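Undergrad: Start counting the sequence shown at 0; every next residue gets the next number (numbering that gives the first Met the number 0).
Hints were generated in silico from the structure; no laboratory data involved.
Since this is a predicted model, take the numbers as computed values, not measurements.
Beta carbons: idealized from backbone N, C-alpha and C, even for Gly.
Any given hint could be a false lead.
Pair ranges (Cβ atoms, derived) [to be verified]:
| id | residue 1 | residue 2 | range |
| --- | --- | --- | --- |
| 1 | R56 | E4 | 19 to 27 Å |
| 2 | S69 | T41 | 37 to 45 Å |
| 3 | S44 | D101 | 39 to 47 Å |
| 4 | E99 | K33 | 20 to 28 Å |
| 5 | D62 | F20 | 20 to 28 Å |
| 6 | A45 | V6 | 23 to 31 Å |
Straight-line distance between alpha carbons at most 27 Å, and here's what the computed BS3-like set of lysine-lysine pairs gives [stated by the list, open to error]:
| id | residue 1 | residue 2 |
| --- | --- | --- |
| 7 | K29 | K40 |
| 8 | K48 | K33 |
| 9 | K29 | K48 |
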Amino acid sequence: MPVPEFVREFLHGGDPSYNIFSSSPEPRNKDYFKTLWGRYKTFSSALEKGQTLYSFRHSGAIDIFQRIGSIVKLKEAMGHSSINVSLTYLRGLEVAELKEEDMPMV
0 MPVPEFVREF
10 LHGGDPSYNI
20 FSSSPEPRNK
30 DYFKTLWGRY
40 KTFSSALEKG
50 QTLYSFRHSG
60 AIDIFQRIGS
70 IVKLKEAMGH
80 SSINVSLTYL
90 RGLEVAELKE
100 EDMPMV
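Let's have the full structure, built from the sequences with the hints guiding it.
TA: Next comes the structure, spelled out in structure tokens:
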């Protein structure tokens with residue numbers, strides 16, 4: 000997930016190798032977030048049945064698109080390989096027939 004430069008500077012003087020989750024240049028183990036999510040699901044009553052950690056990525060994509068209204072900016076923010084991928088994240092929106100042809104060419 001991209002972290003804006005002003006946030007990095009605030010957290011650790013702008014050092015690009017600093018990992019904000021492990022407080023060191025080294026990342027946590029590969030299952031760190033999976034483990035935290037498993038613990039959270041056990042104790043949380045705020046989650047819907049079947050909700051996954053990945054669900055939040057879709058929610059974030061929809062939020063970005065609703066705020067900025069640009070599929071191109073959404074594609075860049077999410078690191079998608081194409082606008083088609085970004086469109087799949089927006090399939091739950093009630094936008095009448097959102098198609099690739101409706102989007103600006105980049």
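Undergrad: Work down the list of hints and note, for each, if the structure agrees.
TA: How the hints compare with the structure:
1. A hinted range of 19 to 27 Å for the beta carbons of R56 and E4 is consistent with their spacing of about 22 Å.
2. A beta carbon spacing of about 38 Å between S69 and T41 agrees with the range 37 to 45 Å that was offered as a hint.
3. Distance hint for S44 and D101: a CB-CB separation of about 40 Å, consistent with the stated range 39 to 47 Å.
4. As the Cβ distance of E99 to K33 is approximately 33 Å, the hint placing it in 20 to 28 Å is violated.
5. Separated by about 22 Å at the C-beta atoms, D62 and F20 satisfy the suggested range of 20 to 28 Å.
6. With their beta carbons about 25 Å apart, A45 and V6 fall inside the hinted range of 23 to 31 Å.
7. At roughly 19 Å between alpha-carbon atoms, K29 and K40 fall within 27 Å of each other, so this suggested pair holds.
8. For a cut-off of 27 Å, the pair hint linking K48 to K33 stands: about 17 Å separates their Cα positions.
9. The straight-line distance between the Cα atoms of K29 and K48 is roughly 25 Å, inside the 27 Å bound, and the hint therefore holds.
Violated hints amount to a single one, hint 4; each of the other numbered hints is respected by the structure.
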